[in-house]
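Chains as they are written, first to last, in the numbering used here: chain L, 21 to 190; chain W, 5 to 317; chain F, 8 to 684.
Please note: incorrect hints may appear among the correct ones.
Claimed, not checked - Just so you have them, the derived chain W footprint on chain L, three or more residues with Cβ under 8 Å:
#1 68 to 82
#2 137 to 150
#3 165 to 177
Said to hold, decoys possible - Calculated pairs, DMTMM-like style, for lysine to aspartate or glutamate (alpha carbon to alpha carbon, straight line, at most 25 Å):
#4 Lys33(W) with Glu67(L)
#5 Lys123(L) with Asp69(L)
#6 Lys123(L) with Glu175(W)
#7 Lys123(L) with Glu592(F)
#8 Lys289(W) with Glu77(L)
#9 Lys26(L) with Glu77(L)
#10 Lys289(W) with Asp158(L)
Everything labelled a hint here was simulated from the structure, so no lab data went into it. Glycine is no exception: its CB is placed at the ideal position from the N, C-alpha and C atoms.
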Amino acid sequence: MGLLSKILHTGIVTEPLPAGDSEVVHLVREVDAEARRLFGRALGIREVDAGSCNGCEVEITGLMSPVYDSERFGFHFVASPRHADLLLVTGPVTRNMEVPLRKTYEATPAPKLVVAVGDCARSCGVFAGSYAVVGSVDRVVPVDVFVDGCPPEPAHILQGILTALRSGRP
Amino acid sequence: MSPWLLAPMQGAVALMLAPGLVGAIRWMKARLQSREGSPPWQPYLELRKLFAKEVVVSSNASWLFRAAPFIVFGSAVTVTLLVPLLAVPLPLGGAGDLLVVVYLLLLGTFFLALAGLDPGSPFGGMGASREMTVAALAEPTMALAIFALAWGVGSTNLGQIASRTLSTPSEALAPGHVLAFAAIFLVTLAETGRLPVDNPSTHLELTMIHEAMILEYSGRYLALIEWAAALKLLVFFSLLGNLFAPWGVASVITPGALLWAAVTLALKLLALGGVIALVETHIAKLRLFRVPELLSASFILALLAVTASFLLR
Amino acid sequence: MRALFFLMVTGYATGAAVALGLGTGPLARWASGLAAVVGAAAGLGLAAGVCMAGTGFSLAAPDLLASAGGLAFRLDGLGAVFLALTSLVAAPSALYGVGYSRALDGRPAQRQAGFMLNLFMLSMSLVPLADGTLTFLLFWEGMSLASYFLVMTEADRPEVSEAGQWYLGMTQLGFACLLGAFLLLPAGGPTTFVHLRAAAAVLPTGTRDLVFVLAVIGFGAKAGLIPLHVWLPRAHPAAPSHVSALMSGAMIKMGVYGLLRIGLDVLGGGPAWWGALVIGLGALSAVLGVLYALTEDDLKRLLAYSSVENVGVIALGVGAAFLFQSLQMLPAAAFALAAALFHAVNHAAFKGLLFMGAGAVLHATGTRNMNRLGGLIRGMPWTAALFLLGSVAIAGLPPLNGFVSEWLLFQALLPGIGASSPLVAVLMVLALGMLALTAGLAAACFVKAFGITFLAIPRSPEAAAAHETAWSMRTGMTMLAGACLFLSAASFAILPRLSAVAAPLVGLPAPGPVLRAGLTLQTPDGLAQMSPGIVAASLGLVVLVAWVAVKRFASRRPLRVGETWGCGRVVQTPRMEYTSTAFAEPLRRIFAEFYRPTEDVSIDFHPDSRYFVQSISYRSAILPWFERYLYAPVIARIRLWSERVLTLQSGSVHAYLAYLVAALVLLLGWLVVTGQR
Numbered sequence: 021m022g023l024l025s026k027i028l029h030t031g032i033v034t035e036p037l038p039a040g041d042s043e044v045v046h047l048v049r050e051v052d053a054e055a056r057r058l059f060g061r062a063l064g065i066r067e068v069d070a071g072s073c074n075g076c077e078v079e080i081t082g083l084m085s086p087v088y089d090s091e092r093f094g095f096h097f098v099a100s101p102r103h104a105d106l107l108l109v110t111g112p113v114t115r116n117m118e119v120p121l122r123k124t125y126e127a128t129p130a131p132k133l134v135v136a137v138g139d140c141a142r143s144c145g146v147f148a149g150s151y152a153v154v155g156s157v158d159r160v161v162p163v164d165v166f167v168d169g170c171p172p173e174p175a176h177i178l179q180g181i182l183t184a185l186r187s188g189r190p
Numbered sequence: 005m006s007p008w009l010l011a012p013m014q015g016a017v018a019l020m021l022a023p024g025l026v027g028a029i030r031w032m033k034a035r036l037q038s039r040e041g042s043p044p045w046q047p048y049l050e051l052r053k054l055f056a057k058e059v060v061v062s063s064n065a066s067w068l069f070r071a072a073p074f075i076v077f078g079s080a081v082t083v084t085l086l087v088p089l090l091a092v093p094l095p096l097g098g099a100g101d102l103l104v105v106v107y108l109l110l111l112g113t114f115f116l117a118l119a120g121l122d123p124g125s126p127f128g129g130m131g132a133s134r135e136m137t138v139a140a141l142a143e144p145t146m147a148l149a150i151f152a153l154a155w156g157v158g159s160t161n162l163g164q165i166a167s168r169t170l171s172t173p174s175e176a177l178a179p180g181h182v183l184a185f186a187a188i189f190l191v192t193l194a195e196t197g198r199l200p201v202d203n204p205s206t207h208l209e210l211t212m213i214h215e216a217m218i219l220e221y222s223g224r225y226l227a228l229i230e231w232a233a234a235l236k237l238l239v240f241f242s243l244l245g246n247l248f249a250p251w252g253v254a255s256v257i258t259p260g261a262l263l264w265a266a267v268t269l270a271l272k273l274l275a276l277g278g279v280i281a282l283v284e285t286h287i288a289k290l291r292l293f294r295v296p297e298l299l300s301a302s303f304i305l306a307l308l309a310v311t312a313s314f315l316l317r
Numbered sequence: 008m009r010a011l012f013f014l015m016v017t018g019y020a021t022g023a024a025v026a027l028g029l030g031t032g033p034l035a036r037w038a039s040g041l042a043a044v045v046g047a048a049a050g051l052g053l054a055a056g057v058c059m060a061g062t063g064f065s066l067a068a069p070d071l072l073a074s075a076g077g078l079a080f081r082l083d084g085l086g087a088v089f090l091a092l093t094s095l096v097a098a099p100s101a102l103y104g105v106g107y108s109r110a111l112d113g114r115p116a117q118r119q120a121g122f123m124l125n126l127f128m129l130s131m132s133l134v135p136l137a138d139g140t141l142t143f144l145l146f147w148e149g150m151s152l153a154s155y156f157l158v159m160t161e162a163d164r165p166e167v168s169e170a171g172q173w174y175l176g177m178t179q180l181g182f183a184c185l186l187g188a189f190l191l192l193p194a195g196g197p198t199t200f201v202h203l204r205a206a207a208a209v210l211p212t213g214t215r216d217l218v219f220v221l222a223v224i225g226f227g228a229k230a231g232l233i234p235l236h237v238w239l240p241r242a243h244p245a246a247p248s249h250v251s252a253l254m255s256g257a258m259i260k261m262g263v264y265g266l267l268r269i270g271l272d273v274l275g276g277g278p279a280w281w282g283a284l285v286i287g288l289g290a291l292s293a294v295l296g297v298l299y300a301l302t303e304d305d306l307k308r309l310l311a312y313s314s315v316e317n318v319g320v321i322a323l324g325v326g327a328a329f330l331f332q333s334l335q336m337l338p339a340a341a342f343a344l345a346a347a348l349f350h351a352v353n354h355a356a357f358k359g360l361l362f363m364g365a366g367a368v369l370h371a372t373g374t375r376n377m378n379r380l381g382g383l384i385r386g387m388p389w390t391a392a393l394f395l396l397g398s399v400a401i402a403g404l405p406p407l408n409g410f411v412s413e414w415l416l417f418q419a420l421l422p423g424i425g426a427s428s429p430l431v432a433v434l435m436v437l438a439l440g441m442l443a444l445t446a447g448l449a450a451a452c453f454v455k456a457f458g459i460t461f462l463a464i465p466r467s468p469e470a471a472a473a474h475e476t477a478w479s480m481r482t483g484m485t486m487l488a489g490a491c492l493f494l495s496a497a498s499f500a501i502l503p504r505l506s507a508v509a510a511p512l513v514g515l516p517a518p519g520p521v522l523r524a525g526l527t528l529q530t531p532d533g534l535a536q537m538s539p540g541i542v543a544a545s546l547g548l549v550v551l552v553a554w555v556a557v558k559r560f561a562s563r564r565p566l567r568v569g570e571t572w573g574c575g576r577v578v579q580t581p582r583m584e585y586t587s588t589a590f591a592e593p594l595r596r597i598f599a600e601f602y603r604p605t606e607d608v609s610i611d612f613h614p615d616s617r618y619f620v621q622s623i624s625y626r627s628a629i630l631p632w633f634e635r636y637l638y639a640p641v642i643a644r645i646r647l648w649s650e651r652v653l654t655l656q657s658g659s660v661h662a663y664l665a666y667l668v669a670a671l672v673l674l675l676g677w678l679v680v681t682g683q684r
C-alpha cells in the first residue's frame with residue numbers, strides 16, 4: 021500500500037488562486053449575462069493549438085495539476101468542441117490551422133467563449149511577420165479575453181478564464 | 005401507500021441520485037490525487053448547463069441520431085423501475101427479471117452504437133465497434149452470474165433473489181454468492197466504462213470506447229446520454245448492493261421503511277463508489293485487446309460461482 | 008378444414024399454372040403472386056384451425072401414386088406450427104416477389120421463376136401435412152428440387168452455379184440419409200406415421216440409434232447445422248431475395264420439423280446422448296454461425312450465417328427437450344420444446360423481413376457489399392426503418408419477439424443445471440454460456456449490418472443514387488414487421504398453444520405446463536415471469552415523458568446543422584468512415600485462433616524511387632475450416648474414386664458387350680447355384 025500511504029502523507033496541495041492581474045489579462049468584449057449565468061459553475065473547455073510552440077500547452081497542462089486544479093472552479097477539459105463552452109486557443113494562427121480553428125469554433129454550440137492564451141495568440145509573438153502565420157486569433161474567431169505571457173503562468177490563465185466568466189467583475 | 009406508486013418513485017430516486025454518484029466518485033478520485041476537485045454535486049450543474057445549450061447536429065446524421073438519446077435514456081430509466089432499489093417485492097416484478105434488465109441495457113448500447121456510426125465519423129465508428137465488442141464479451145459472464153444467483157432461489161426474479169438473502173443472511177457469504185459478486189463487479193467495470201476497461205475522462209480518441217460514440221452530441225442530447233450513463237452505473241451498483249447485501253431494503257411499503265431504504269442505498273452506493281475510486285487510482289487502463297483477458301477471468305469466476313451454487317445446494 | 012386444404016393446394020397450383028401459361032409480362036407476375044398469397048392465407052387458416060381450435064385434419068388419397076402405396080395427409084399440432092410458419096413467410100414473399108421479379112419481365116426465366124416459386128411453396132406446405140414415408144419424402148424432395156431451380160435463376164453468374172452445385176450435393180446427401188432412416192423403420196405394411204410409430208417401438212436399440220443419427224445428418228443438412236451448413240452461405244445469397252427469405256425463414260425449419268417428427272414423435276425419444284448430441288451441434292452452430300457472420304462484408308451472406316446461428320439456438324432448445332425427456336423431467340422438456348418452436352416462428356418472421364430488406368438494397372443499388380453501401384436511410388427510409396425493426400428483433404433486444412424466445416430458452420435450459428448427472432449439469436452450463444455469448448455477438452453483428460449499410464455517408468455512387476422500392480416489396484416487408492410486433496405482444500396467448508403442442512410429444516397430457524399468468528409469460532414452476540407488453544409500455548411511457556419534459560424545459564434555441572466533427576479536417580470523404588471490415592476487426596483479433604486470418608499486403612513503388620508509393624493492395628481472408636479440412640478432402644477422395652471407376656467407361660463397344668456377357672453368365676450361374684440348393 022505504498023501509494024495510499026504516500027497519498028495520505030501528501031495531503032491536498034491545491035494553492036489558493038491569487039487575485040487577478042490586469043497587466044496580463046485583457047478583457048476584449050463583454051460576455052453577455054446569460055452565458056455568464058450559465059457557465060458560472062460548470063464550464064467545458066476545449067483547448068485548440070493553432071500552431072503554437074507548445075510552451076503554452078505545457079502551462080495549460082499545469083492547470084489540471086493538483087497545485088492549480090482548474091476542476092475546483094467547475095472547469096473540465098472536454099474531448100470534443102461539441103461538448104465545449106469555452107475555447108482555449110494558443111499559438112499564432114498558422115495558415116494551415118486557420119480553417120481548423122474556424123471549424124472548431126463553428127462546431128461549438130452557442131453560447132460560447134474564446135480565451136486566447138499567450139503572446140502569440142495576441143500578436144504572433146516571435147513569429148510576427150512570418151509568411152506562415154495569419155495573425156492574431158482575433159482575426160479568425162471572436163476573442164473574449166487575451167492572456168499575455170510567453171508562456172503565461174497557469175494562475176494567469178485561470179484568471180483569464182475567470183475574467184471571461186465574470187466579465188471583469190470580481 | 006399504493007405499491008404502484010413505488011415504481012415511479014424508484015425511478016425518481018434513481019434519477020436524482022445518479023449524477024450525485026458520479027460526482028461523488030469524481031470527488032473521491034480528486035482527493036486521492038491530492039487536489040480539491042469539484043464538489044460532489046458538480047454533475048447536476050453540468051446537466052443543467054447542457055440542457056440550456058444549443059444543439060448542433062451533423063449534416064450526415066439521420067433521425068436515428070436525434071432519437072437514440074431518448075431510447076438510451078428511456079431504457080436506463082425503465083431498468084430502474086425493475087431493479088430492487090428501495091423495496092421488494094416490486095410491482096413490476098412480474099414484468100421483468102434480471103435477464104430483462106441486462107438486455108434492456110443492451111438495447112441502450114445497441115442504439116448508442118448506431119448513433120456513433122450515424123454521423124460518419126471514424127471516431128464514432130471506432131467507439132461503436134469497441135463498445136459492441138466489450139458488450140458482447142461481457143454477456144456470457146453476466147448470464148452465468150445471474151444463473152448462479154438464480155440457482156439458489158430457483159428464479160431469476162429480482163425481488164425473490166433479494167428476499168432470499170434477506171431471509172437467510174448466511175446465504176450472503178455462500179461461495180457461489182461471493183464469486184458471483186466478484187464476476188459482476190468486473191462486468192460492471194466493463195459495462196459502465198470505468199478503468200481498467202475505459203477511462204471516463206480521457207481525451208485521446210484512440211483510447212476511448214464510450215466517449216468516442218458521443219463526441220458528436222451536444223446540448224440536451226448529450227445531457228440525456230450522460231444522465232443515462234450515470235443511471236447505468238447506479239443500476240449496476242444497486243444490483244451489487246441490493247442483491248448481495250440487501251439489508252435496508254424495505255419489505256413493507258411505509259414512508260419510514262422507504263426513507264431508511266433510500267439512506268442505506270446511498271450508503272452502499274458511496275461505499276462501492278469508494279472502491280471504484282481506489283481501483284481507478286491504482287491501476288492503468290488496459291489495452292483494448294487485453295480486455296478479453298479480464299472478461300475471461302470474470303467468466304471463469306462466474307463459472308465457478310455456478311459450480312459452487314450447484315455443488316453446495 | 009378440407010376446404011382450406013384444397014384452397015391452399017389450388018391457390019399454389021393456380022399460381023404455378025398461371026406463371027407458365029400467361030406469358031412473361033406483369034399480368035403473369037401479379038396473377039401468380041396473388042394466387043400464391045391466397046394459397047398461403049388458406050394454409051395459415053388451416054394451421055390456425057388445428058393449432059388454436061384443436062381440431063385435427065386428415066385426408067387419405069390412396070389413388071394418387073397407388074402403386075407406391077398412395078398419399079396420405081394429416082395435420083397435428085406439430086405440423087400446424089410449421090405450416091403456420093411457412094404460410095407466414097410465404098404470403099409476404101409472394102407479394103414481394105411480384106415487385107422483385109419485374110426485372111425478369113419479357114424473359115423466359117420469368118416463367119420458370121414463377122412456376123418454381125409456387126411449386127416450392129406448395130411442396131414446403133405439404134411437408135408438415137405429410138403422413139407417411141412416401142408422401143413425406145416426395146414433397147421433401149420436391150421442396151429441395153424446386154428451391155434448387157430457384158437458386159439457379161441467375162445461373163449465368165459463376166458463383167450462382169457453384170452455389171447450386173453445393174446446394175444440390177448437400178440436399179441429396181441429406182435425402183440419402185433420410186431415405187436410409189425411413190427404410191430402417193418399418194417392418195412391411197402401410198407406412199403412415201401411426202404405423203411407423205408402432206414399428207419403431209419394437210426396433211432394437213442399435214437400429215433406433217442408427218435411425219436417429221441418420222435423421223440428425225439428413226435433417227441437420229437441411230436445417231444448416233454445423234458441419235453440414237456449407238450450402239447455406241452460398242445458396243442464400245445466390246437466390247433471389249424472396250426465395251432467400253423463404254429458404255431461411257421456412258425451409259431450414261423443415262429440418263427441425265423432421266428431426267422432431269422422427270426423433271420425438273415416431274421414435275418417441277431416446278437415451279440422453281441423443282439430446283446431448285443435438286445440444287452440442289446446436290451450441291456449435293450458434294457460436295460459429297455468428298462468428299462467421301461478424302466477418303462477412305456481403306449482406307446476404309451475413310444473414311445466411313445468422314440463420315445458421317439461429318438454427319443452432321433452436322437446436323439447443325430441441326436438444327434440451329430430448330435430454331430432459333430422457334431424464335424424465337417432462338415439464339421442463341415440454342417447456343424447452345415450446346421455447347424452441349416459438350423461436351422457429353419468430354426467426355421466420357424477422358429473418359424473412361431482413362432478407363427482403365437486403366433484397367431491396369440489392370435491387371436499389373446493385374450491390375450486396377456493405378463496404379460499398381451506406382447512407383441508404385435517406386434514400387430508402389421505409390426499408391431502413393423496417394430493417395432496423397428486424398435487426399432489433401434478431402439481436403434479441405426487448406421488447407421484441409427475438410428477446411421473448413431467447414428469454415424462454417434461457418429459462419428452459421436453467422433447470423438442467425440441477426440435473427442429477429454432473430455431466431448434464433456441466434453441458435447445460437456451457438450451453439447457457441454459449442447462448443449468452445451468441446446473443447451478445449448477434450447484437451454486435453446487427454449493429455454492423457444496419458449501421459454500415461444504412462447510416463452515415465454513401466460509400467459509392469450507386470448507394471448515393473438509391474431510391475425506395477416498389478410498394479409491393481414494401482408491403483411484404485411491412486407484413487412481416489407487423490408479424491414480429493404481433494408475436495411479441497400476443498406471446499402470452501401463443502405460448503399456451505405451443506405448450507399444448509409440445510406436451511404430447513414428450514409424453515405429457517395436453518394442455519401441458521402452464522406458461523401464462525394473465526398477460527405475463529411464466530416458467531412452468533411459476534417462479535420467473537416476464538411481460539414484453541408491460542416492458543414495451545413502460546419504455547414507451549418513459550420515452551414520451553422524457554421527450555415532453557425535454558421539450559418543455561430545455562433551451563429554446565433552434566437546432567443548428569453543422570459538419571461532422573473531424574478534428575477540424577478540411578474535407579470529409581466516404582473513405583474516412585468506418586467500414587464493415589473495420590467494424591469487425593476487434594472481434595477478429597480477439598477470436599484470431601478461430602479465424603486464423605491471413606493478410607496479404609502488396610505495395611507498388613514508383614519506378615524511380617522506393618519512397619514514393621503508387622498503390623497498395625490489401626487482401627485478407629479467414630480460414631474456412633469446414634471447407635478446407637472436412638469437405639475438400641472428402642471431395643478429393645470422391646473424385647479419385649470416380650476417376651478410377653471412370654476407366655470402366657472406356658468408350659469401346661466391345662468392352663460394353665463383354666460386360667453384358669459377363670453379367671449374364673454370373674446371373675445364370677447364380678440362379679443355377681441357388682436353384683440346386
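Verification of the hints:
1. 68 to 82: violated (count 0)
2. 137 to 150: The restraint on the stretch 137 to 150 of chain L is violated, since only 0 of its residues have a Cβ under 8 Å from chain W and three are required.
3. 165 to 177: Coverage by chain W is violated for the stretch 165 to 177 of chain L (0 residues, Cβ < 8 Å).
4. Lys33(W) with Glu67(L): Judged against 25 Å, a Cα distance of about 23 Å means the pair holds.
5. Lys123(L) with Asp69(L): holds (13 Å)
6. Lys123(L) with Glu175(W): Since the Cα atoms of Lys123(L) and Glu175(W) sit roughly 59 Å apart, the hinted pair is violated (cutoff 25 Å).
7. Lys123(L) with Glu592(F): Violated: Lys123(L) and Glu592(F) sit about 31 Å apart, past 25 Å.
8. Lys289(W) with Glu77(L): With a Cα-Cα distance of about 24 Å, the restraint between Lys289(W) and Glu77(L) holds, given a limit of 25 Å.
9. Lys26(L) with Glu77(L): violated (28 Å)
10. Lys289(W) with Asp158(L): violated (39 Å)
Comparing the model with each earlier hint shows violations of hints 1, 2, 3, 6, 7, 9 and 10; every other hint is respected.
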